[in-house]
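Q: In case you want the letters, here they are:
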Amino acid sequence: MPREIITLQVGQCGNQIGAEFWNQLCSEHGIAKDGIFLGAESVGDRKDVFFYQADDQHYVPRALMLDLEPRVINSIQNSDQRQLYNHENIFLSPHGGGAGNNWASGYTQAENFQDEILDMIDREAEGSDSLEGFVLCHSIAGGTGSGMGSFILEALNERYSKQIVQAYSVFPNQTESSDVVVQPYNSILTLKRLMLQCDCVVALDNTALDRIAADRLHVDTPTFAQTNSLVSTVMAASTTTLRYPGYMNNDLVGLIASLIPTPKCHFLVTGYTPFSTTSENRTIVRKTTVLDVMRRLLQTKNIMISPEQTGKMLQGKFISILNIIQGDVEPTQVHKSLQRIRERKLANFIEWAPANMQVAISKQSPMTSTVNRVSGLMLANHTSIRGLFT
Amino acid sequence: EFFVKSVADGDNSDDADGSGVWHKSHRVALERLPPAVELETAEAISFIGRGVRILTHPTKGESASGRFDADAYAKTTTARIRKLAAADAFEPREFEAVVEVLRAEIARALGKVLLDDAKLVTHLNTMRGFYFLGKGDLFSMFLDDARNLLALPPKPGSASRDLATPFALAVSRGILKEDSFTESFRLSYSSVLTQDAQASSSATAPSPTSAFAPRVRIPGYDTWDGIGLECAVPWPMGIFLTEESLDRYRTIFRYLFRLKRVQYDLQDVWVRLRRTDLKFTLRLRHSMAMLIENWLTYIQVDIIEVEFQKMLAVIGSTTDFNKCTLAHREYLATVMAQSFLDVGSITSIFEDIFALTRELCVTCVNYANGQGLPADWDDRSAYLRRQFDKESAELFDSLRSTHTHTRARNFLLRFNFNDHFDGARSETFASRFESLEM
Chain A
1 MPREIITLQV
11 GQCGNQIGAE
21 FWNQLCSEHG
31 IAKDGIFLGA
41 ESVGDRKDVF
51 FYQADDQHYV
61 PRALMLDLEP
71 RVINSIQNSD
81 QRQLYNHENI
91 FLSPHGGGAG
101 NNWASGYTQA
111 ENFQDEILDM
121 IDREAEGSDS
131 LEGFVLCHSI
141 AGGTGSGMGS
151 FILEALNERY
161 SKQIVQAYSV
171 FPNQTESSDV
181 VVQPYNSILT
191 LKRLMLQCDC
201 VVALDNTALD
211 RIAADRLHVD
221 TPTFAQTNSL
231 VSTVMAASTT
241 TLRYPGYMNN
251 DLVGLIASLI
261 PTPKCHFLVT
271 GYTPFSTTSE
281 NRTIVRKTTV
291 LDVMRRLLQT
301 KNIMISPEQT
311 GKMLQGKFIS
321 ILNIIQGDVE
331 PTQVHKSLQR
341 IRERKLANFI
351 EWAPANMQVA
361 ISKQSPMTST
371 VNRVSGLMLA
381 NHTSIRGLFT
Chain B
1 EFFVKSVADG
11 DNSDDADGSG
21 VWHKSHRVAL
31 ERLPPAVELE
41 TAEAISFIGR
51 GVRILTHPTK
61 GESASGRFDA
71 DAYAKTTTAR
81 IRKLAAADAF
91 EPREFEAVVE
101 VLRAEIARAL
111 GKVLLDDAKL
121 VTHLNTMRGF
131 YFLGKGDLFS
141 MFLDDARNLL
151 ALPPKPGSAS
161 RDLATPFALA
171 VSRGILKEDS
181 FTESFRLSYS
191 SVLTQDAQAS
201 SSATAPSPTS
211 AFAPRVRIPG
221 YDTWDGIGLE
231 CAVPWPMGIF
241 LTEESLDRYR
251 TIFRYLFRLK
261 RVQYDLQDVW
271 VRLRRTDLKF
281 TLRLRHSMAM
291 LIENWLTYIQ
301 VDIIEVEFQK
311 MLAVIGSTTD
321 FNKCTLAHRE
331 YLATVMAQSF
341 LDVGSITSIF
351 EDIFALTREL
361 CVTCVNYANG
371 QGLPADWDDR
381 SAYLRRQFDK
391 ESAELFDSLR
401 STHTHTRARN
411 FLLRFNFNDH
421 FDGARSETFA
431 SRFESLEM
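Here the protein sequences come in this chain order: A and B. Counting along the first sequence from 1, when you hit position 275 you're at 275 in the working numbering, and nothing is skipped either side. Counting along the second sequence from 1, when you hit position 265 you're at 265 in the working numbering, and nothing is skipped either side.
For reference, chain A alone in the conformation it holds in the complex:
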């Protein structure tokens, strides 16, 4: 089925995020944890972008799970998701020692096993009718996600130059000193590949994720599972227009091309609102209007980059914004909200070119219970992103 996307989950962080992402997608499309489709009939959603059908009712994620140490992948394989994935799409290094937070180790190990890894990718690609692109999930400060991730980016550039590559990259905490001394080196080496061999990078900041998790989910010290679920919510939301097609933004190109005016400016920030937890009483439906959502998306506290960045955000300007709004939404409400935002100058745009402010209204899955009437995601190209590099 055309315009397929292959998801590559690399390293500990990448695989945790990925697992949550597939969890979310399965519940949205009515697919059980073992891949069997539970719904009665199709509701007009396109499952075939991210899943392929093994047989009539069995859906398999088009995903590759790669890691150099077995802990995370094993826990996935022991979880209730174990029958979901294609077991031939899992790569674990035989010696299972990990990359020791060392970019070079991650990179060279990938190089050593490149035949096996590239075979996996080729197999998935051949199984697609017209592959649109790859989505990479990883963190850039460790060893596997950064080193192996870099190798894969280079390989994709060589073998699949026509396909788009989008990355969800978790950036390290820049204020605290971490116990990983070589963090900056790992990051910089990966950033080079993200700049040259990637078409769109959604920058996610661990500190921001922690802060948002603490704030919104009302926990003091959020677990990795909780922060990862924030990321997977964002990933799922950014793919809704691909999975519930409407007039436009039905493919990755459509989403990304309008956000990226020049090739190198492809690092995006993202925000999401509102987050809800399982602990909240689901019978209470929060009143969220379109204006509320769109306004909050522009607030720095909802944007997933680190706090000292937010100061810079206030000085910087937006180049382009894409809002994906889900739920009980009408175009007239969107128009009014845009008017308000413009009047109150809530979004500071560049002056030297027409601002690109797009709002896509997306259908919501009928299968997930909605606590909130309206929710929204923002993907934006903002000049303050340079702060991540300095």
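Honestly, I wouldn't trust all of these hints.
[Claimed, not checked] Straight-line distance between alpha carbons at most 25 Å, and here's what the computed BS3-like set of lysine-lysine pairs gives:
1. B:Lys279 / A:Lys264
2. A:Lys47 / B:Lys177
3. B:Lys390 / A:Lys363
4. B:Lys310 / B:Lys119
5. A:Lys363 / B:Lys310
6. B:Lys112 / B:Lys310
7. B:Lys177 / A:Lys363
8. A:Lys336 / A:Lys317
9. B:Lys112 / B:Lys390
10. B:Lys112 / B:Lys177
11. A:Lys47 / A:Lys162
12. A:Lys317 / A:Lys345
13. A:Lys345 / A:Lys363
14. B:Lys279 / A:Lys192
15. A:Lys264 / A:Lys192
16. A:Lys33 / A:Lys363
17. A:Lys317 / B:Lys279
18. A:Lys162 / B:Lys119
19. A:Lys47 / A:Lys33
20. B:Lys155 / B:Lys119
21. B:Lys390 / B:Lys279
22. A:Lys363 / A:Lys317
23. A:Lys336 / A:Lys264
24. B:Lys119 / B:Lys75
25. B:Lys310 / A:Lys336
26. B:Lys119 / B:Lys323
27. A:Lys162 / A:Lys264
[Unchecked claim] Now the in silico label distances, taken between C-beta atoms and shown as ranges:
28. B:Asp179 / A:Glu111: 35 to 41 Å
29. A:Leu346 / B:Glu243: 46 to 52 Å
30. B:Glu178 / A:Gln57: 17 to 23 Å
31. B:Asp179 / A:Ile36: 24 to 30 Å
32. B:Asp179 / A:Phe224: 44 to 50 Å
33. B:Gly220 / A:Pro184: 54 to 60 Å
34. B:Glu105 / A:Glu343: 48 to 54 Å
35. A:Asp328 / B:Thr223: 52 to 58 Å
36. B:Ala337 / A:Asp328: 43 to 49 Å
Hints are computed from structural coordinates only; laboratory data are not their basis. Note that the Cβ used here is the ideal one computed from N, Cα and C, for glycine as well.
Could you slot chain B onto chain A? The hints should help.
A: Structure of chain B alone, referenced to chain A:
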């Protein structure tokens, strides 16, 4: 049928079967209308006659007779007429009242048939999905598969056939629950000359509403402009989706499809050049894509989506056939009007813009295929940029000055979100922009 015959009126009633019943000219002959009878009433009577025929007509599949008890209706109708005839003088008010009651009953019955048996709402959704490109992914897939075909000029003899395969493929992938209606959609190709001839010939055929149809001109893009969309409207939807309304659907499709192709070509340039160093070219592409996409969003979301929901609301609140038809007609009329296809100046602007985008796309595709850029590309692209900025500003001015009362202000809001078009047309901004090292 019983009623029409029993009242001497000025109607023409042709005897025909099936859908012909509806579309044969049932116009009231004004000269033969008795003085006390209003035109509206006469049209209502004509409607009743046609409606009864439809409702009692044996259809191929389910017959509508389950909904409509023709005999009972005839009995009450005859009784009412007899009562009127028994009065001493002709009372126009009472006559109109009786006619209205009879009309309402027929309208309700027809409405029920369409809504429940014929699934009117599903069909309207399908029409929107196809003719108004609501199923965006279907058309994206088609453009993907037909890429090689569309890169070359169409072969006059076989163009329609060539389009059939990729379109059928796209439909089978994009439509998850196919039915006979969705399967009947076909792309057709006719050269623009033929289309113009058809347009002028249909303009000569008189009909009550076509006299008010605006003269539209769709901005031209390239050799494949002749692509149109056809479908086979299943019985009895033909009484609702009349030839006139289909004409409007077809016109809007041609416009939207053309815009979509421009958008697609511009996106294709992004994909091909996304890792190159052609900053100026890509920024120009970005501006062009922004305009086209904002315009498409305006037409498809601000206009079509909003009007469609309005129409559905009306249809959902009544089973009166006439009310539903009216809502549908208003829906199409608004979409046509708010697309400004009848405003020559705006069509010209878009035509100029299309020409600029085409030059950019063709040049970039050639470059991506290894042919290199034309030697004068720096100058040429600067020229394209200046022309495009000029056209954008003209579009902005034109919409702002004369159409702010329309919903075009939705487009203007997004297009000019950062007031770029108010302040920045001075030379200083343009030169600052160009010298930016990004």
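Q: Please list, smallest to largest, the hint numbers that this structure does not respect.
A: As far as the earlier hints go, 3, 9, 13, 18, 20, 22, 23, 24, 28, 35 and 36 are violated by this structure, in ascending order.
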